[in-house]
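S.K.: Residues per chain, in single letters:
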Amino acid sequence: MRLHEYQSKRIFAEYGVPIPQGDVARSLEEVRQIATRLGKPVVIKAQVLVGGRGKAGGILLARDPAEAEAMAERILGMDIKGLTVSKVLVDEAADIAQEIYLGVVIDRAACRPVMMASSEGGVDIEEVARLTPERIVKVAVDPFLGLREYQARDLAFGIGLDRAYLRDFVRIAQGLYAAFLGSDATLAEINPLVVTAEGELLALDGKMIIDDNALFRHPDLAELRDLAEEDPYEQEARLFGLSYVRLDGEIGCMVNGAGLAMATMDLTKLYGGAPANFLDIGGGAKAEKVAAALRIILSDKNVKAVLFNIFGGITRCDEVARGILAALEEVKPQVPMVARLVGTNEEEGRALLAGAKLFTAETLAEAAQKAVALAQGRM
Amino acid sequence: MSILVDKDTRLLVQGITGREGEFHTRQMLEYGTQVVAGVTPGKGGEWVASVPVFDTVHEAVTATGANTSIVYVPARFAPDAIYEAADAGIELVVCITEGIPVLDMLRVRAYLAAKGTRLIGPNCPGVITPGEAKVGIMPGHIHIPGPVGVVSRSGTLTYEVVHALTRAGLGQSTAVGIGGDPIIGSSFVDILALFEDDPLTDYVVLIGEIGGTDEERAAEFIAAEMSKPVVAFIAGRTAPPGKRMGHAGAIIEGGTGTAAEKIAAFEKVGVRVASRPDEIPELIRELS
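Those protein sequence lines, which keep their order, are chains A and B. Its first residue numbered 1, the first sequence is counted upward by one per residue in our numbering. Its first residue numbered 380, the second sequence is counted upward by one per residue in our numbering.
Just chain B, same shape as in the assembly (with noise of 0.2 Å):
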């Protein structure tokens, strides 16, 4: 076990064609992924590496039955790729697109959750289950199978924090990059939810950063709901009020989304805070 992808993910991407699409997608092969399908419109019947490319989702998933798409798509078409993916019958997108305009994700949001896909992203560096299967862009080598799960707003910070997991011979069961923008797919609570109910997971990480509430729900759900132990990151204590950094969710507005009230919010319900990445390992093994 383990969440959101494995072993049996048949992986779609979308945008294959592209520089970045091509790339990434000889990367996941390598990683041992079954990516079973392409899509790029205008280009079917071409192929990239070991796999066919297809002028539409739903032609790929009737020809492969591809259960999961990757998104690789420039932003001013991202939000089709993902409609199409989810009128396809896709059950899990992720994508990985930067700047895709946040009015497109209110509707992308809205129409996902009635139509029962979830979405990871966009913004973010994916979803990878060491051993199993990588489904984004972070570098597989890093990883190492085992029972703490990651769940971030970041990219390069997640694996700086996995790179010190697996130093400390703790290994990831699955690490989810849930995107830096202000709408996302899916949350922080989303993500906890999986992991409480995934038989492999002992630990959460969570890795938050300024803007937004989502770590203070996250706090209270794992106040309520989890019974499996959470050590947290906050980044972004020296960020200066509003300044976006960076990613375009990351930014205190109103004077809300401070990583101080997310760091109290955590304190509050005994959600140990680490002080620095390389803390999280020490913290953990505390908790064992």
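Extracted from the complex, chain A is given alone in its bound form (with noise of 0.2 Å):
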């Protein structure tokens, strides 16, 4: 789960990472009174849960209330990468001397939280680690120690930070640290860290990522997911147990198994095709476990044609065929549709399946020939 910039810095404060005075605001209104209440020159920042922000005019700074109302106009209800900003963040502006990069991430190879820092701040980092990778210093963590302190000025030396401000780096990158620990993220980064005019650091952006996994043992931060900002159709899929992912292509993808989804989406393109979704219906076949996700690959209206994949170990083929009868009294699609059962009572289940007005495979290849011929029309 993304955090906006908003709710990342709160909880980097929380940790003692020094971040600038400011609120989030929804309304014009809103936004002049924190601007009249900070009674400083501000920067109004839009809080959506994408990148480019700022390259899409989402970011902009005002003089005084009246000009941060103006800018706020501009912002709000923008389109950013198909996400309408409905809120933003008026911080105080600072006088930036410096950036810096800090962040932690789980590095999976090392099996460890990896901390890195870099003097190129304010930037894409990901382009920094392709095109300057030297500029990139990293620590691990054990993960019993937690990052030492030793370390935090390694990095500091690494980057060439002014020894004066070695103190401050070293708190907020343990900060950081108990941030990303606390609120079991897999991404904790502040981007750009600055050193202002007066010899400050601050924390002038920030991103968090979530586990998921993790959010039962924080409700707190359960509750800051913004539905707004994700797929209604991923959401629904949530609820149901399924997992879903919206694709741009013409064929719709039912199978159990995550792996086994993803090569069965493959395989619609190495036959000419394109999948239109990712869809793991998980164990179990129960009826209307199929008809939901049946009903949420069909909302996509450039499905042309569904493909049923659906391999048979624990949960029986003749199970998951009497679901799919079911799904399809219940929903009735207008699609063309091609069922492949292999596995346990692979026949019981292709035999009631022979009954329905549904096309069977005996292959994954010859399923997603005939998806894919089918979607074309060709067929």
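Simulated from the structure, these hints should not be mistaken for laboratory data. Don't be surprised by glycine CBs; every beta carbon is placed ideally from N, CA and C. Heads up, some of the hints might be wrong.
[Said to hold, decoys possible] Here are the computed lysine-lysine pairs in the BS3-like style, where the Cα-Cα straight-line distance is at most 30 Å:
1. A:LYS138 - B:LYS494
2. B:LYS494 - A:LYS301
3. A:LYS55 - B:LYS494
4. A:LYS289 - B:LYS622
5. A:LYS138 - B:LYS607
[Claimed, not checked] So these bits of chain A aren't anywhere near chain B, every CB distance computed over 12 Å:
6. SER27
7. THR36
8. VAL105
9. GLU127
10. ARG148
11. TYR165
12. LEU181
13. THR196
14. GLU223
15. ALA274
16. VAL303
17. PHE311
18. GLU347
With the hints as a guide, bring both chains together as one complex.
M.R.: And the structure:
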């Protein structure tokens, strides 16, 4: 679960990381109030869960409350990469002398949290990693020891930070690591961490991704989920225990198992089509779950054919076939469908489906070819 | 021979009185696995089928000589179950549970490394040595004994590949599901090393997917350390960046972890990559 900038920065502040004065606003009236209260030049920042806000014109400076309102009017309601801006962060503007990057991620290969710092702050860190990897300094953290002070110092020395800021930097690095740990994050980053003209260190921007699997022990964080920013169909899928990702092809896919679902999508492409979605129906095959999955797939108007690919292991093919039949009865789809059931009780499963209005296939390759042909009107 | 589990495996089931634990205990017994004990704290003294239940792993190991454990415990309690197994001297832990927080897994890995306990999973279908022992949730009947070692990050995709191998008359030495999470106990490289040393394995099939760089490291290991031929399949050629595809670990992040990179890494070291699961038996036939 990705958090907004203002949510991430509030969490950082709880762990002692200095952030600018400011607050979040949903209306022009609120923007004016916050700017008036701050009594300083402010920066108005769109709060949407995509990168590239600045380039899209979603971050603007204002000298006074009247200008803040005018700038916020340009940002609120703006569309950034398909998301409508419904709130802005109004922060006091900082006088920036230096921009640094500081972040913690999980290094999958090393099986360690890794803290990274770079003297190239304020820009896309992935670009820095690609073009000038020597500008990024990293330390791997022992999960039982946490981030030690010497490691934070190593980062500061590694990026050539002025020794005058060493103590503050170490405190911020340890605060960021504590926020990462305390929130069960998989990513926590400050970009940029700035040195102001007054010589203060300040987290100007913040980003956090929380581990969905850990939300059970963070009910407060679970409430921060911004449903308005998520695909409504992906939300509905989650309610039914389905894993769904919408894509832009024309072949709807319903598969049990994530790896098999990806392989099924890939085969539609191999045979000249394109997948409309990823969908893993998980274990079991209750009719209501299959029906929900089918409704979600068909909510996408680009879908011209549906491909069911089920490997019956513990879940038997005849159970799955009954689930599909009941779902068809309920949803009454108007597009052609291909079903391929294999594994436990596959003959019984196929016999059950023989009476239904759908095509069947024995192998995954055959099923994918048929689905592509149907979607392209060749069958 | 074979790797990890065989007819001498003495299996302990953690979470044996739960719905999943009980169901799969019966399935594993039916397959012929020696399930010698179960553990559910507070239910010691009960029985599940022919299997005695204990309150602690230590008691179960002392009473039955169990050397391998399988974990069906819910995600919030699973790390504790793994630590308990390691502390009781269990050599191999297979964790089926999906949804364990990643920070918990970082600690589990670091702890097990110090203890010398091997972990398979979590979020995996388990391990099967056909005809000898099934320690997992896979359908046993699709497997037959033979010379092909299988290692995979997936569940049903592994069954699909095993099914294709079996239909082509290619049996399996051992099939290992290493799990779909970002942090897992054993990597492709760990399992490839075991297959390389196993006299009953002649070929290896590696089934990877998007996310992370475990496949790239496997390609380097194959080039540097392996004499046995490997055939690969990578799922997720059509997966978009930044989206988690079902498995917690199946995500293209920061431009890395794409199927194209992984396929290129294998092809660079001469590993054939199948374009569809049922091409895998053909590629193995071409090797022999």
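S.K.: None of the hints should be skipped; say for each whether it holds.
M.R.: Structure-based check of all given hints:
The suggested pairing of LYS138 of chain A with LYS494 of chain B holds, with an alpha-carbon distance near 28 Å, which does not exceed 30 Å. Only pairs whose Cα atoms come within 30 Å are accepted, and LYS494 of chain B paired with LYS301 of chain A is rejected, the gap being roughly 55 Å. Straight-line distance between C-alpha atoms of LYS55 of chain A and LYS494 of chain B comes to about 51 Å, which puts the hinted pair past the 30 Å bound. The hinted pair formed by LYS289 of chain A and LYS622 of chain B meets the criterion: a straight-line CA distance of about 22 Å does not exceed 30 Å.
A hinted pair counts as satisfied when its Cα atoms are at most 30 Å apart, and LYS138 of chain A with LYS607 of chain B does not qualify at roughly 37 Å. The beta carbon of SER27 of chain A is kept farther than 12 Å from every beta carbon of chain B, the shortest such distance being approximately 31 Å. Residue-level check passed: THR36 of chain A sits 39 Å from the nearest beta carbon of chain B, beyond 12 Å. With a cut of 12 Å on Cβ distances, VAL105 of chain A falls inside the contact zone with chain B, its closest approach being about 9 Å.
With a closest Cβ-Cβ approach of about 10 Å to chain B, GLU127 of chain A is found to fall inside the 12 Å limit, against its non-interface label. At roughly 15 Å from the closest C-beta of chain B, the C-beta of ARG148 of chain A stays outside 12 Å, upholding its exclusion from the interface. For TYR165 of chain A, the condition that its CB be more than 12 Å from all CB atoms of chain B holds, with the nearest at approximately 28 Å. With a least CB separation of 7 Å from chain B, LEU181 of chain A falls inside the 12 Å interface cut-off, contrary to its annotation.
Residue-level check passed: THR196 of chain A sits 29 Å from the nearest beta carbon of chain B, beyond 12 Å. With a least beta-carbon separation of about 18 Å from chain B, GLU223 of chain A lies farther than 12 Å from that chain, consistent with its non-interface assignment. Separation of ALA274 of chain A from chain B is inadequate, the least Cβ-Cβ distance of about 7 Å not exceeding the 12 Å criterion. The Cβ of VAL303 of chain A sits about 15 Å from the closest Cβ of chain B, beyond the 12 Å cut-off, so the non-interface label holds.
Listed as outside the interface, PHE311 of chain A is inconsistent with that label: its C-beta sits roughly 4 Å from the nearest C-beta of chain B, within the 12 Å cut-off. Remark: the non-interface label on GLU347 of chain A is consistent with the geometry, its nearest Cβ contact in chain B lying 14 Å away (cut-off 12 Å).
In this structure, the earlier hints numbered 2, 3, 5, 8, 9, 12, 15, 17 are contradicted, and the remaining ones agree with it.
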